[in-house]
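Undergrad: Sequence:
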Amino acid sequence: MKLRIEIDENLEEPEVVIRCGCLTDEVTHLQQAISKASGASQKSVFYKGSTEYYLTLNDILFFETDENGISAHTKDNVYQTRYKLYELEELLPGSFMRVSKSAILNTSHIYSIKRNLTAASAVTFQGTHKQVYVSRYYYKPLISKLEEKRLDR
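FYI, the numbering for the sequence shown is 1 to 153, going by the working numbering.
Among the hints, erroneous ones may be present.
As the list claims (entries may be wrong) - Straight-line alpha carbon distances no greater than 30 Å define the calculated DSSO-like cross-link-like pairs of lysine-lysine that follow: (1) Lys75 to Lys149; (2) Lys43 to Lys145; (3) Lys84 to Lys149.
I should point out that these hints are in silico values taken from the structure, not numbers from a laboratory.
Can you build the whole structure from these sequences, using the hints too?
TA: Written out as structure tokens, the structure is:
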């Protein structure tokens with residue numbers, strides 16, 4: 001594998017490009033490691049009324065749709081974002097995962113999952129009363145992702 005760093009003073013933010021002949025496990029692991037490393041400190045703009053807040057993505061427990069648009073939940077607060085859920089899905093690092101039509105979850109903050117075979121399962125977070133529901137369709141992929149994270153450690 002070759003590694004090359006190019007310096008371009010015109011870039012506003014760093015860009016990482018992985019070129020490969022085919023998608024291998026090694027390339028996938030490399031992409032996940034880069035996403036994980038950059039996502040922990042990556043900041044984004046969130047809103048509460050007319051005030052802008054700059055939070056690291058790691059502070060976010062989950063995103064969900066509500067009557068006001070897309071809400072970003074931290075342990076103690078709820079902020080608004082101007083992105084659509086499908087846009088967030090593309091922008092967020094690998095620790096985030098869609099868990100229903102209306103929610104994206106930060107898998108790094110999961111404390112427990114109360115499984116419900118006939119309906120959505122409830123995910124809880126440590127240190128807060130907040131919870132989000134995982135639809136049956138996304139339950140198995142979520143469990144697989146959590147198992148992968150556990151094995152990577």
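Undergrad: Determine for every hint whether it applies to the structure shown.
TA: Hint-by-hint comparison with the structure:
In summary, the hint linking Lys75 to Lys149 is supported, as the alpha carbons are separated by about 22 Å, within the 30 Å threshold. A hinted pair counts as satisfied when its Cα atoms are at most 30 Å apart, and Lys43 with Lys145 qualifies at roughly 24 Å. Our distance criterion of 30 Å between C-alpha atoms is met by Lys84 and Lys149, whose separation comes to about 27 Å.
Consistency note: the structure conflicts with none of the earlier hints.
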